[in-house]
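Chains A and B supply the protein sequences, listed in that same order. For the first sequence, this note's numbering gives the first residue as 234, with consecutive numbering after it. For the second sequence, this note's numbering gives the first residue as 118, with consecutive numbering after it.
Think of the hints as simulated: they come from the structure by calculation, not from any bench. Hints are supplied without guarantee of correctness; some may be wrong.
Claimed, not checked - With a straight-line Cα cutoff of 20 Å, these simulated DMTMM-like cross-link-like pairs (lysine to aspartate or glutamate) come out:
(1) Lys-340/B with Glu-318/A
(2) Lys-323/A with Asp-299/B
(3) Lys-387/B with Asp-270/A
(4) Lys-323/A with Glu-381/B
(5) Lys-321/A with Asp-238/B
(6) Lys-321/A with Glu-381/B
(7) Lys-340/B with Asp-374/B
(8) Lys-321/A with Asp-374/B
(9) Lys-412/B with Glu-318/A
(10) Lys-282/A with Glu-356/A
(11) Lys-341/B with Glu-289/A
(12) Lys-401/B with Glu-235/A
(13) Lys-282/A with Glu-405/B
(14) Lys-401/B with Asp-270/A
(15) Lys-340/B with Glu-381/B
(16) Lys-414/B with Glu-235/A
(17) Lys-414/B with Glu-318/A
(18) Lys-323/B with Asp-349/B
(19) Lys-323/A with Glu-415/B
To be verified - The calculated label-pair distances, taken between Cβ atoms and stated as ranges, are:
(20) Lys-546/B with Gln-259/A: 30 to 40 Å
(21) Leu-399/B with Glu-356/A: 49 to 59 Å
(22) Asp-501/B with Ala-346/A: 31 to 41 Å
(23) Lys-323/A with Gly-360/B: 31 to 41 Å
(24) Ser-336/A with Met-654/B: 54 to 64 Å
(25) Glu-660/B with Ala-346/A: 21 to 31 Å
(26) Pro-332/A with Gln-581/B: 18 to 28 Å
What the hints assert, rightly or not - Going by beta-carbon spacing under 10 Å, a handful of chain A positions derived as facing chain B:
(27) Ala-240
(28) Leu-241
(29) Asn-242
(30) Lys-244
(31) Ser-246
(32) Ala-264
(33) Ser-266
(34) Asp-290
(35) Ile-304
(36) Ser-319
(37) Lys-323
(38) His-330
(39) Ser-337
(40) Val-338
Note that CB positions come from ideal geometry on N, CA and C, so glycine has one too.
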Amino acid sequence: MEASLAALNTKISSLHLDIGKSAAPQALVIAVSGSLDTSTSPPFLEFAKNALIDAEDVGGLILDIGAIQYISSTGVGSFTAILVESQKRKLPFYLCHVPNCVSSVMQVLGFQAFFSYLESYGELK
Amino acid sequence: MNPEVAAIADEVSYALANEEEDEKAYEATILRIAAVLGAQGRVFIYRDSQGDIRALTPGQPNDILLTDDQASPLSRGDEAPVFLATLGFAFAYALVIPVARNAMDACFMAFGRNDRPFDEDNAAAVAGLIPRLSPLISARYRLARSERARREAERALKRNEERLERLFEESHDMIYSVDNDDTIISINSAGLALLGLRENSKAIGKEFSSFVYTGTDRAGLLKKVASQGYVDNFEIILKKASGEPVFCIESAYCFRDASGKTSEILGFIKDISERIMQERELWKTNMELAATNSKLKEAEVLMVQHEKLASIGQLAAGVAHEINNPLSFLMSNHTVFAQFAKTIRSAWEAILASSPGAVEGIKDRFDIAYVLSEMDTMLAETNDGLTRIMAIVRNLKSFAREEMQTTIVSYDINKGIENTLIVARNEIKYVADVELRLGELPEIEASAGEINQVLLNLLVNSAQAIEGQKRKDRGHIVIATKGVGDRAVCEISDDGPGVPDELRHRIFDPFFTTKGPGKGTGLGLSISYDLIVKKHMGALSVERSSLGGALFRIELPFLHPAVGIEDGQDNVKGALQEYSA
Chain A
234 MEASLAALNT KISSLHLDIG KSAAPQALVI AVSGSLDTST SPPFLEFAKN
284 ALIDAEDVGG LILDIGAIQY ISSTGVGSFT AILVESQKRK LPFYLCHVPN
334 CVSSVMQVLG FQAFFSYLES YGELK
Chain B
118 MNPEVAAIAD EVSYALANEE EDEKAYEATI LRIAAVLGAQ GRVFIYRDSQ
168 GDIRALTPGQ PNDILLTDDQ ASPLSRGDEA PVFLATLGFA FAYALVIPVA
218 RNAMDACFMA FGRNDRPFDE DNAAAVAGLI PRLSPLISAR YRLARSERAR
268 REAERALKRN EERLERLFEE SHDMIYSVDN DDTIISINSA GLALLGLREN
318 SKAIGKEFSS FVYTGTDRAG LLKKVASQGY VDNFEIILKK ASGEPVFCIE
368 SAYCFRDASG KTSEILGFIK DISERIMQER ELWKTNMELA ATNSKLKEAE
418 VLMVQHEKLA SIGQLAAGVA HEINNPLSFL MSNHTVFAQF AKTIRSAWEA
468 ILASSPGAVE GIKDRFDIAY VLSEMDTMLA ETNDGLTRIM AIVRNLKSFA
518 REEMQTTIVS YDINKGIENT LIVARNEIKY VADVELRLGE LPEIEASAGE
568 INQVLLNLLV NSAQAIEGQK RKDRGHIVIA TKGVGDRAVC EISDDGPGVP
618 DELRHRIFDP FFTTKGPGKG TGLGLSISYD LIVKKHMGAL SVERSSLGGA
668 LFRIELPFLH PAVGIEDGQD NVKGALQEYS A
């Protein structure tokens, strides 16, 4: 996963991903920063779906989106796809540190109620 | 040379010496020539860059395009008046002087008059001036060409402006421009419609960001445009005057001034709400399907559990029934055997009293005193054991029978609690002690099996919550009953972790659970709520317990307000009257 992460970060300049396993013991953390738009969402989604496999060993997946500066509807769509995939795997999936630019789009789309949110990783303990 | 012509030649020389090779010098010279010739009209004819022949007359604002046929008489002097007539000059006589050089093919000056023909002297005088006039004619020729090019450029510009104006106004997409401060300079009708505005003045002069749902998105777009000069297909949510959001996609281009600073941004915005709403429906459906699938799987697990429980209940009832028969005769035999033992003891004591010496040896040999003493103990213990077995069997039969009862009957809630505790004992006994504070209550009208199910849910929940604390000491569960007004109240409280305030309003929701995977389905409290509130017209609530954990309160009306009693109504009413008294 680290190799594909490095490749993705090299390929896409407007999006950056980081993985933190120790940040929250009960979940795999993917920290997302930059723009999640029409061009960056597909590779992000592919990476996140693969990460769900690793997350099964830990117990859950946290998307830390605190550093996202811009998100399009396609970006939110990628979150819904991860949610669906996580439910298929019966894996808890959380959005953490949700910024206003993301919550606004989710609110307009009416998707806020579908997701579980964390203010901090510690809430999982 | 004619003195007047010589004077003109000097004038031309002066104009040339003073570099007056312009239209003014040309006109002045030609006017002088025309005056000397007594001409009443004059024309300048030239071939333009496209090869077309054009005539330039002083009275006409635009030059006149001539066909080759129209221009052909130019080369035939005698037909010059015919040619001039095609330009609207009705002269009886004409003088056409070819002034063309190599670079000015088909360039002529034509003069017309009516009083007398032009003579050879006239022609010779003008022809003599040609070499000197040539620079001025060249200048006039160039001016004519540039003038035409300018007019054509202006016409082309105007056509372009009209096209752009039409494109701007008739576009179905928003077209707008803003200045360096993001203040709107122009916006088309489609843009006003997209923003829900009727008047241009409601947009012009306003900051564009005031019409954008997320301000940071607009800032991001401006930053991108400033850095790379343009942005393509940037999704943005606009805000209508009514506040309604509209999903759009924008392409924008930056115009810079000489210093490289952004002077204007031109943007094109397309409404893509319909497409986004279609995608939204698809995403939403997928999420709902996934959630439904997940719940179906949970429900399946629950149904299997219920089925297992039902099977266990039936098995327990069957076993209880099977045990009950041999237990009956065991108990019966035991009772008789105890009486026989008592008889044997009495007989032995009588023998000892009548002839103690005769049985002294037997007494010592068989240790009769010890046997009789132990027999009493063993009979007492057997009696105790059998009594306990009978109680368990009776309770099992009672619980299993009540489980199957869904009709409203006379129900003793205190008895129901005791029966439920027997069933829940295994869940509770290792983690907590139970304290009963049961008040005196009449029998109420209720579905015994369903109330027992609620009590079981709440007790097991308490035990699991305490167990989940991984504490070293044992927990404490208190079950209290009392009558309040026309209701029986049962409170189950514990010293477990309790229910967080923020979750209190959700715990009765279907599928809501705080238990770990595999521990809870989130249906127990939901079903309990349904049974107490909807089926029995009672109340089920949760609050913080004085013990530190949760307190669940069940309130049940003594008399069921909606459902008639099929069994024992009079008994309940009678008991209630006694209780009230």
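These are the hints, each one checked on the structure:
| no. | hint | in the structure |
| --- | --- | --- |
| 1 | Lys-340/B with Glu-318/A | violated (35 Å) |
| 2 | Lys-323/A with Asp-299/B | violated (48 Å) |
| 3 | Lys-387/B with Asp-270/A | holds (17 Å) |
| 4 | Lys-323/A with Glu-381/B | violated (52 Å) |
| 5 | Lys-321/A with Asp-238/B | violated (110 Å) |
| 6 | Lys-321/A with Glu-381/B | violated (50 Å) |
| 7 | Lys-340/B with Asp-374/B | holds (17 Å) |
| 8 | Lys-321/A with Asp-374/B | violated (56 Å) |
| 9 | Lys-412/B with Glu-318/A | holds (15 Å) |
| 10 | Lys-282/A with Glu-356/A | violated (24 Å) |
| 11 | Lys-341/B with Glu-289/A | violated (39 Å) |
| 12 | Lys-401/B with Glu-235/A | violated (32 Å) |
| 13 | Lys-282/A with Glu-405/B | holds (19 Å) |
| 14 | Lys-401/B with Asp-270/A | holds (19 Å) |
| 15 | Lys-340/B with Glu-381/B | holds (14 Å) |
| 16 | Lys-414/B with Glu-235/A | violated (34 Å) |
| 17 | Lys-414/B with Glu-318/A | holds (15 Å) |
| 18 | Lys-323/B with Asp-349/B | violated (24 Å) |
| 19 | Lys-323/A with Glu-415/B | holds (11 Å) |
| 20 | Lys-546/B with Gln-259/A: 30 to 40 Å | holds (31 Å) |
| 21 | Leu-399/B with Glu-356/A: 49 to 59 Å | violated (31 Å) |
| 22 | Asp-501/B with Ala-346/A: 31 to 41 Å | violated (59 Å) |
| 23 | Lys-323/A with Gly-360/B: 31 to 41 Å | holds (40 Å) |
| 24 | Ser-336/A with Met-654/B: 54 to 64 Å | violated (42 Å) |
| 25 | Glu-660/B with Ala-346/A: 21 to 31 Å | holds (27 Å) |
| 26 | Pro-332/A with Gln-581/B: 18 to 28 Å | violated (38 Å) |
| 27 | Ala-240 | violated (25 Å) |
| 28 | Leu-241 | violated (21 Å) |
| 29 | Asn-242 | violated (20 Å) |
| 30 | Lys-244 | violated (19 Å) |
| 31 | Ser-246 | violated (12 Å) |
| 32 | Ala-264 | violated (19 Å) |
| 33 | Ser-266 | violated (14 Å) |
| 34 | Asp-290 | violated (15 Å) |
| 35 | Ile-304 | holds (9 Å) |
| 36 | Ser-319 | holds (9 Å) |
| 37 | Lys-323 | holds (7 Å) |
| 38 | His-330 | violated (15 Å) |
| 39 | Ser-337 | holds (5 Å) |
| 40 | Val-338 | holds (7 Å) |
Figure legend: structure checked against the earlier numbered hints; hints not met, in rising order: 1, 2, 4, 5, 6, 8, 10, 11, 12, 16, 18, 21, 22, 24, 26, 27, 28, 29, 30, 31, 32, 33, 34 and 38.
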